[in-house]
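Undergrad: The residues making up each chain are set out below.
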Amino acid sequence: MHARHAFAILLLFSIFGALSIARAGATGTMRVQQSDGTVQVYRDVLIRVAQRTLRIGSKDRKGVLVIDRAACTYAGSVLRCLPSTMKFEQSGQTHEIQLITGTIYVNLTDDTQQLHHSSTQLSPHDVLLMMQTQRGTYISLHGHIDEMQP
Amino acid sequence: MKMIRNATALALIVTMLPLSALAQRRPAGGGGGARPAPAARPAAPAQRPAAPSGGFNFNHDTRPSNPNPPARPNTPPARPNNPNPPPARPNNPNPPQRPPNNNQPRPPNNTQPRPPNPGYRPPNPSYRPPNYRPVHSVIVVNPVYRGPAWGWNRGVAWYPAPAYWGGGFWGTLAIAATSAAVFGYIYGQNNQQIVSYQVQPNSPGAQMLQNYQLTQTQCGPPNLVVIYGPNNSVICAYPNNLVSAGTYSLDPSTLTISSY
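Order-wise, the sequence lines are chains R and B.
Residues in the first sequence are numbered from 1 upward in steps of one, following this note's numbering.
Residues in the second sequence are numbered from 1001 upward in steps of one, following this note's numbering.
Not one of these hints is a red herring.
One-sided and incomplete, this derived list gives chain B residues near chain R with beta-carbon spacing under 7 Å:
(1) Phe1056
(2) Asn1057
(3) Phe1058
(4) Asp1061
(5) Thr1062
Covered, in the sense of this in silico footprint (three residues per stretch, anywhere, with C-beta under 8 Å from a C-beta of chain B), are these stretches of chain R:
(6) 35-41
(7) 57-69
(8) 131-145
Simulated from the structure, these hints should not be mistaken for lab results.
For each residue, glycine too, the CB sits at the ideal point set by N, CA and C.
Bound-form chain B, shown alone (with noise of 0.2 Å):
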């Protein structure tokens, strides 16, 4: 009997060996898991230890930014009259003439696609489709957008990156839901992949697939409608009365395709 709690008690030490193994080597801050980093380099930042409460110290980032921000005057201080206003403007009595309308016949506009101005840049490159052929693009206008550029992100340019959030163009965050968020690949030129992604509601895509009545479907079959997005990215709706099958490039500006 007394052996058995002898064997008790000796169990009962290796368990705890390795946790006050641990408690030594990492010392107690604030019961939060965090440990200041080791201050081997005299110059790195100060360590400060973690919040006491345990958890994440994030107080910078989570306080009030200014609670009490200075009283500003609502109306901006009178500027005093201008003893001296500058005299105004007589009419002109001799405005200059313009060349009376010319009745020859203009020149029909011209068809031919033009050269490409020297000044012109072509689109991004990520949102060009393999082989893309801009003098063959052909714009199929958005039948519900008719706003200005960026009309629909409340005219602030919009591209994948934090400080011009519009939010994904084809949906949010889908590290949790690829097989569901990724909708098939296309294959362009030197084999390159390019993902398809499922359409998020409420995203500028989805946005751009209802204005031109498109439902998406997985890519892969042909006689679909395959629009390539920002970054390298490729969806494939039905064709429609609005639009036929074929490849198409996205002015994410208008939530416009062209085909190409």
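Just chain R, same shape as in the assembly (with noise of 0.2 Å):
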């Protein structure tokens, strides 16, 4: 009787763990594409907004993406922000990133939201963003914030 008991609750702890893995992962998905063409897609990304600044940080922790500097601006009810340059943290090295264009879209309210001119939807406190560097990179990510921190 003791026995089928510890299973059971074996069994429900096993289970909970794995549903708790599932659940804590991020959902953004980053895509990179290099000036020679080259293509890396970065799922589950991990989206914070903390301090006045976007980051996007890898799975593994290991890289992070900080835009801190930007002119955002109401579109309707979709935050629309011109980022300038970005910084890349990764291997205890932060190197900046000079971008041509950019533009990121947030959606901080509780409902879906129509980007104007665009049949695209955000979701609530979704990302959206598009962005392009100096040397030719194109970077796009879309996902949830994960975590906020005024």
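Two independent chains are provided; combine them into the complex using the hints.
TA: Encoded structure:
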């Protein structure tokens, strides 16, 4: 009888643990197209908004893109920002990456928002960005804000 | 006891199942969480595995642009002397005579508003406040900044685009602090909502406020200085001895406000 109980409890714990792992993962997907045409797709990137910066972290937490300078305005209910520079932190080093163009859309509302002049919809607390660096790298990202700290 | 051991082993297997399934679905790409995109389209750009050390791969953007640029001579090559220089121009013995000053009194300056020049371009609509009437606008000269257009931005025309970056006019990225960054709203024509931003230190907007000795306050109450800025933005300030309460448009090139 004790053995059956122990089995049930262990089974419950293991299922719960497995579900927790699945839910805790970030859902952002970032696509990076280098100037030579090669493409990397990074899934499960962590999107954090903290201390007036937008931080995009790799799944293994080894690399972080930090966007801390941008001109923001509201386009309807969607916050639209034009970033200027971006920092890349990895392996203990920080590089500044110069941008040519870029737009960030953030839906801070609790409702799905339609982007102006676009068929794209942003779910609540979603981020969509497209950027081109000075070296010809195209970066796009779509995902949910995982953490938000004022 | 044996059953407990079996149960433990089974539970461990159940725990590992989703992870192993994930591992099978996602081939290791250097441990960086990056996976090559599905190669369904043959025309798609070549996929490259992520950086072997993990993280993101921004090697193209982080490596030095050109570590050994070719040395340039400091001085341009000397031009050969022209053996036949152009002859010197003789002084004009008969310079064109200007008409003598007419002693007739000139007509007074026309104080009536001029009709708009056919080539006149109205200001950027995004800077134009609702009910904008340029004919009646009165410029409030910036008491501090008297430089040329865009002189405050080292002569570079500023607008909120990365290529001509001078910082956000009212401040920096404001995603994280929407409650602090948004300083109330003004409703224009057709109930159009215009956001009021909290001006960040060192921004062009802060410089403008400082020049006019204005202190920003939350929009909404009456008898405030209301200044419309780039991108349908608006800020409000307490009136002072330089700027009286009212509505103003902003010329970002000279950090000058005009009432209307």
